[in-house]
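Undergrad: Protein chains in written order, with my numbering: chain A, 1 to 1005; chain B, 10001 to 10657.
Honestly, I wouldn't trust all of these hints.
[Said to hold, decoys possible] Derived coverage of chain B by chain A (criterion: at least 3 residues anywhere in the stretch with Cβ under 8 Å from a Cβ of chain A; other residues may be distant): (1) 10075-10083; (2) 10136-10146; (3) 10149-10159; (4) 10388-10401; (5) 10404-10413; (6) 10561-10569.
Everything labelled a hint here was simulated from the structure, so no lab data went into it. We put the beta carbon where it would ideally sit given N, CA and C, even for glycine.
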Amino acid sequence: MTTEDETMQRTLLPLAPSDLARRPRHWRSLDELADTEDFRAWVRDEYPADIADRLDGVSRREVLKLMAASFALAGLTGCSETQPEHIVPTVRSHGAAPVSTPLHFATAVTRDGFAQGVVVQSRAGRPIKVEGNPDHPASLGSTDVFSQAAILTLYDPDRSQAVYHGRDAGTWAAARTALLERVELARRQGGRGLRLLTGPTTSPTLIAQIGGLLKDLPEAGWHVHSAIDPGNRQGGVRLALGIAAELVPHVLEADVVLSLDADFLYGWPGSVRHARDFAARRSVSSATRASARMNRLYVVEPCPSVTGASADHRLALPPSRIEDVARALLGELGVAALQDVRPRGELTPDQLRWVRAAARDLADHRGRGLVIAGDGQPPIVHAIALAMNEHLGNLGGTLAVVEPVSASGLPESRPLSQLAHDIDAGALESLLIVDANPAYDAPADLAFDRALQRVPFSAHLGLYRDETARHCTWHLPMAHEFESWGDARAYDGTAAVLQPLIEPLYRGRTPIQLLDLLAGRPESSGLELVRRHWRTSTAGDFEKWWQTVLMRGVVPESGAKRLDARVRHEDVRRAAERAVLPDSAGSIELSFQPDPTVWDGSMANNSWLQELPKPLTKLTWENAILLSPEDARSLGAENEDVLELTYRDVSLTGPVWILPGHAPGCVTVNLGYGRSHAGSVGNGLGFNAYKLRRSDEPWFGSGVQLRRTSGRHRLACTQNHQLMENRDLVRLGTLDAFRREPAAMAGHSGHRIALSLYPEYPQEGHQWGMVIDLSKCIGCSACTIACQAENNIPVVGKAEVERGRSMHWIRVDRYFDGPQESPQFHHQPVPCMHCENAPCEVVCPVAATSHSHDGLNEMTYNRCVGTRYCSNNCPYKVRRFNYLQYVDRTPASLTLQRNPEVTVRGRGVMEKCTYCVQRIRHAQIDARKGNRELRDGDVLTACQQACPTQAIVFGNVNDAGSRVSALKREPHDYALLAELNARPRTTYLARLRNPNPELEEGSNS
Amino acid sequence: MTGSAATTHDPGRSAALRAACASVSDRIGGIPLERGFHPRWLALFGAGLSLTLLGLVAVSWLVLRGVGIWGINIPVAWGFAILCFVWWIGIGHAGTLISAILLLLRQPWRTSINRFAEAMTLFAVANAALYPLLHLGRIWKFYYLLPYPDTMDLWPQWRSPLMWDVFAVMTYSLVSFLFWFLGLVPDFATMRDQARRKWVAMLAGFVSLGWRGSAHHWNHYQMLYLMLAGLATPLVVSVHSIVSFDFAISIVPGWHSTIFPPFFVAGAIYSGFAMVLMIAIPLRAAFRLKDFVTTRHLDQMAKVMLTSGLIVAYGYVMETFTGWFSGDEAEHYLILNRALGPYAPLYWGMIACNVIVAQALWFRWVRTHPIVLFIIAVLINTGMWLERFIIVVVSLHRDYLPSAWGMYIPTFWDWATFIGTLGFFTTLMLLFIRFLPVITMFEVREDAYHGRFLPEAPAAEPPVAASHDEEQQPMLAGVIPEEQVYGMVAEFASPDDLIHAARQVRDADYRRVDGFSPFPIAELTEALRMRRSRIPLIVLAGALVGAASAYGVQWYSTVVDYPLNIGGRPLHSWPAYIPLTFELGVLGGALCGVIGMCVLNRLPQPYHPVFNAPGFERASRDSFFLCIESRDPQFDRVQTRELLGQLRAVSIAEVAE
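Next comes chain A alone, as it looks inside the complex (with noise of 0.2 Å):
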């Protein structure tokens, strides 16, 4: 073992009762104070020394707030029984960095079962920012919302902190051993009765656990249950392959993208990676203009999604047409073996052309295409868009069929309605519920949370005391991802390691502990057991394997393997005779989604998910009935109208929100809300889309009778104006445009406008600007969420968003163009444009605004009175206020969370963008400790380093060495708002498109 390594397993090792002796001893006069052996034996369990260790040197209020949260604890569980544990290995070997470096670490986010690679940054012991993990396939150094915001739920107070017993506090120890007694029962019966359902999870060691159950009690059984279920999917991969598999598409290679219903840019396990390789070949500089291949994107879809959002050309059609533009892509690309696959119904002369257009672009991108069908659409889709695929030579390059990596495609895992069926014949004992919810997102049909109660025994294993544990026998806390240890694949199989960067607050469990309980064995720690699954599956020396892929955050080499398959075509094309139009069609469709924020509803308790502005409908805290603007005036519907919706004999009413581009005949609901135990951020917010799903048509179904009622429900929208008034806003070209005359895009106020009477201010050294890349942008807001956790933005909440008090430092702009049926949308991310000439800082009567010597435009918060006339000067309208004291001072847990180099603002006080001026400065302290220059790309701001797409770039605008000049050199480079000769530092690219040349210009239908 290298020196380095000794001290790396130095940290992990307990710390030696010397060194405690060294450290102050402040806070532990309290023990002194209740001087028992047994205060000081529960003090000991409740305070980890590690935890002593880390927060030594911390103020005495941090102490003291851990205190409290541990003490509230100790009335509620009774005694602890977790021993000590020192579990927080560092990616960096320092042997013990002082508390004021931030030190991060490896670890990995999950949704949906699929891991994000992800490095944690972590201050005084407290985790308190997410980045993305550059070593990760499903990251490449980007996040998405979910795991920003991962972060927030780990402090959520609302998490489930106490084992329960019905209705009453238990204790882990009661728990574990009425479990170990239904294990027992169940094995002598070979396991029958005794069930296991989980959420979706491709964690390698959980999956072999449960495999090992499964091979003990063979009569036991595993089900899996998602509420975005890629059953259509997977059905389709083994209609039209024959095996169970997985589909990866490389939207790298592809020049052209076809998307059946597919929102692969946003939600989807890959999304943040193909949204990156998606962007990398969006954007166009004038020195590459004219070798530039620019991919070109073809959307069909209900709802605009932001894939649909960036499409070139978009289609909307309701979802159950989807299946006809497939079927008539496939004759245009005629496929020999399917040739007599025709649309079920008639396409229009508009919609044929478009799908003529887009067939023959494919069929002259041989190899260089991709076609990817969406989760909503059924099987039969995703196996005429695997037969497209496979005629046109994508399969294999552009679309990659590997082995299943998530456990429902496993052949072992069943499906819910299957275990709702037992339930119902009785041939359930025991039921243990590992991180799902079913009684509230399982279809409707179902029933699910009136057939739990019909299960004798129950367990549920869950971040909170949800729907799902209140209607269970037990229910034990579960420990959050970034408490935990564990791993998790991406979308393409790689693996990584889950670290924990944290004691458990709240005392959770993690899956792979339960597993080992119902294993029989005595508790193991989660380090224990995940290095015991890779130890048998790893060559070589383990530890010097698992330090590396403990610091890198991926396991090497552990994609799925690729699989070689070939389309069946007769199975396929037998199925597309089976398949019909539904008797009922012409009638609105209803469908489902999932909420682009909550997601399926499990996020309905992190409140920077509620407030974050939905991309393409900008609405906040609440889901709607979307509908298209011709539907809402067929109904005499107006935004905020209640409207009473029934399907299949369910009513519900919700609010209806008319959304531009959406399809006509059809209605889109996000699924995710109303949930009654969600906890007191997301209990109670919008309608519950579940009650209205059936298991049979989960994804759309026909027949929806809509009725308007005269109520009225307020909604919390973030934009209340959609269109652009034709004013310069968000500028735009082709592709062909800007090869032939690249400056055509800047506009009228391109140019520098010099006119003063003002002698210039010296811009000297270090200054600092922005380019954000519209070509690039897509919409996904993860520059918003990034920048709240960075620089401790609050929650203000549903009604003051209404007000128009939201605090988002960065937002999105989106426009909707053109006719309202078929409109272009354009996003366009307004941070503060920190301008030379800035109109703010003139009018503030205290100089509480000011420029810095590198060109920010600063804000001095303890100088702030409040007179809010830099916000009415602000033309980008990118200040923010504390109208009123919007920072929650309680519960403790959420203080922690706190990014300890930013202020926390109180009421009264005008805030915005700073360009992450801490970053800057610790990149500054830094390079002088280094004895260097400051080199482009030291300073990543919050924005910046979170966006998918790369589309925002920082730099030395000083410097024509770095990107940010080079990019504001490009002539399609322009500053908004040009004319008021503000000179913002942060300037725009113009949007360029890449439409097919063979349908109509600028249309996108």
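Place chain B on chain A using the hints.
TA: Using the frame of chain A, we list chain B on its own:
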């Protein structure tokens, strides 16, 4: 009518003048001295006080919670607090305008309305000055806007129009107060001399600074008054110009307009005169002052309103025109949005009130009909309030980026604060009407002297000569020992007699002579051969010191002490330093002038031997005195008495030190 006839002796005319003077003093000065309260006054006062209390509740809630209790947001970060500030300060323009500009323009009709117009100004400005404090929410931070000594060497940011505002409003309220208070001083003397209750007399005596109505007093006083008027005239114009800079300096479409300063000043005069009418019309009815505030006054004020209203209407037209002519899409949109956007009803309401209704003032019948005029005044003030709403809110709610557009809907607390200030204003006005003379008595007396005013009702008291006859008490003089004699005081029945006597006494080479009159008499000053007052020099010096120190502080703080890059502007941003320099120049001049007047007149001086003269309490009412001091080398107890006896003195008495 005036000077030339002064020396002629006309007993009928002097009796009439004395009657007029006495009538003024009784009817105006008598109101505050009355006992008890009229039930209607009490009812109104109770209502005003209740609304004030509502406002106090709103303010307390504001302090506890923050400005978030109002409807403001981003983009509309300014709401009621600013628009009501502008509205109130606009109303607060009429008083000083009437006092100063009309004085300079020699408009004699101002005299019977200037006092309560000034009071109205003060109370409106007090309300206005509250709003910037409330606007902050954290009102305890207001001192950051003042250039106080700070250990961090932090200074206010002088380029901000809000800074100019602070000093403009401060200067304006101080100068307006001085103006108002100075005008009250001779009237306080009247109240002191008429009061029947001792504590009232003492109180009035205290605030009258010991005013004796001496020719010296009047000499400096008149000069100071003229100087203050000269200073206040540009001040009045500057205050609303600076308030308009709050908007015009910005880059917000609808605010960024060069027409704003004159447009705002005209609007201020418009609403100010409307408010004067709203007070004058009920006031003259309630206190039967129709001979003081005549229909001619109403007519004149209505004409001023019509004129300023037409300027305002021109402003609306020009705003629309320049908006269109600018070719700027944000300006274009603003014009349409005002007329057709979500706040369009308010815009058309404003046009109806401020432009259409005002056209009725072309008709003389309307201008002289109090009730119709009152209704028009109310409508105009409503219209001006709407105008401020449109300027503040409608410009902000849809500016450059459509993505950031929003709506502003005032909350209960917005309204409660505004209504609270209305109540506060009413309360203060009622207190003023009840406890202070609502009309400047000495100026009305002066008008009567110049034959410009004839009261309808004569004074209740008998003629002055009968009340006490000094001739019957000659022994009184002998009581005073020689060395204690301060001087000899003679009473005269008319100003003409006094002027005549003064001239004679001066011709007899007496030098330490002073005349006393209930109103300033230019001829008396002349007859006593007084020097021109040196007040103008003092005012000039004060103004120069004020202006220089203002500019100096601005330069020092931004260039030397704490240089900061503010919006890329030069450190020495001299154009931005002008408003403050001007304001502090005015303030310095006014303060030095007032202090100078007090020093030159040796005020306050609660005791003076001349008060011992029998009947001297009428010197502030309807009688005229001449005093020859014993220090005068020519003074001789016998000869002086003889001389005075020849000069038609009604009575002669010696007064002790």
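Undergrad: Confirm or reject each hint.
TA: These are the hints, each one checked on the structure:
1. Coverage of the stretch 10075-10083 of chain B by chain A holds [criterion: at least 3 residues with CB-CB distance below 8 Å; count 4].
2. Check result for the stretch 10136-10146 of chain B against chain A: holds, 7 residues qualifying (beta carbon to beta carbon below 8 Å, three or more required).
3. With a cut-off of 8 Å between beta carbons, the stretch 10149-10159 of chain B has 5 residues touching chain A; three or more are needed, and the interface restraint holds.
4. Restraint check on the stretch 10388-10401 of chain B versus chain A: 5 residues with Cβ-Cβ distances below 8 Å, three needed, restraint holds.
5. Judged by the Cβ-Cβ criterion of 8 Å, the stretch 10404-10413 of chain B is covered by chain A as claimed, because 4 of its residues qualify and three suffice.
6. For the stretch 10561-10569 of chain B, the proposed coverage by chain A is satisfied: 6 residues have a C-beta within less than 8 Å of a C-beta in that chain, meeting the threshold of three.
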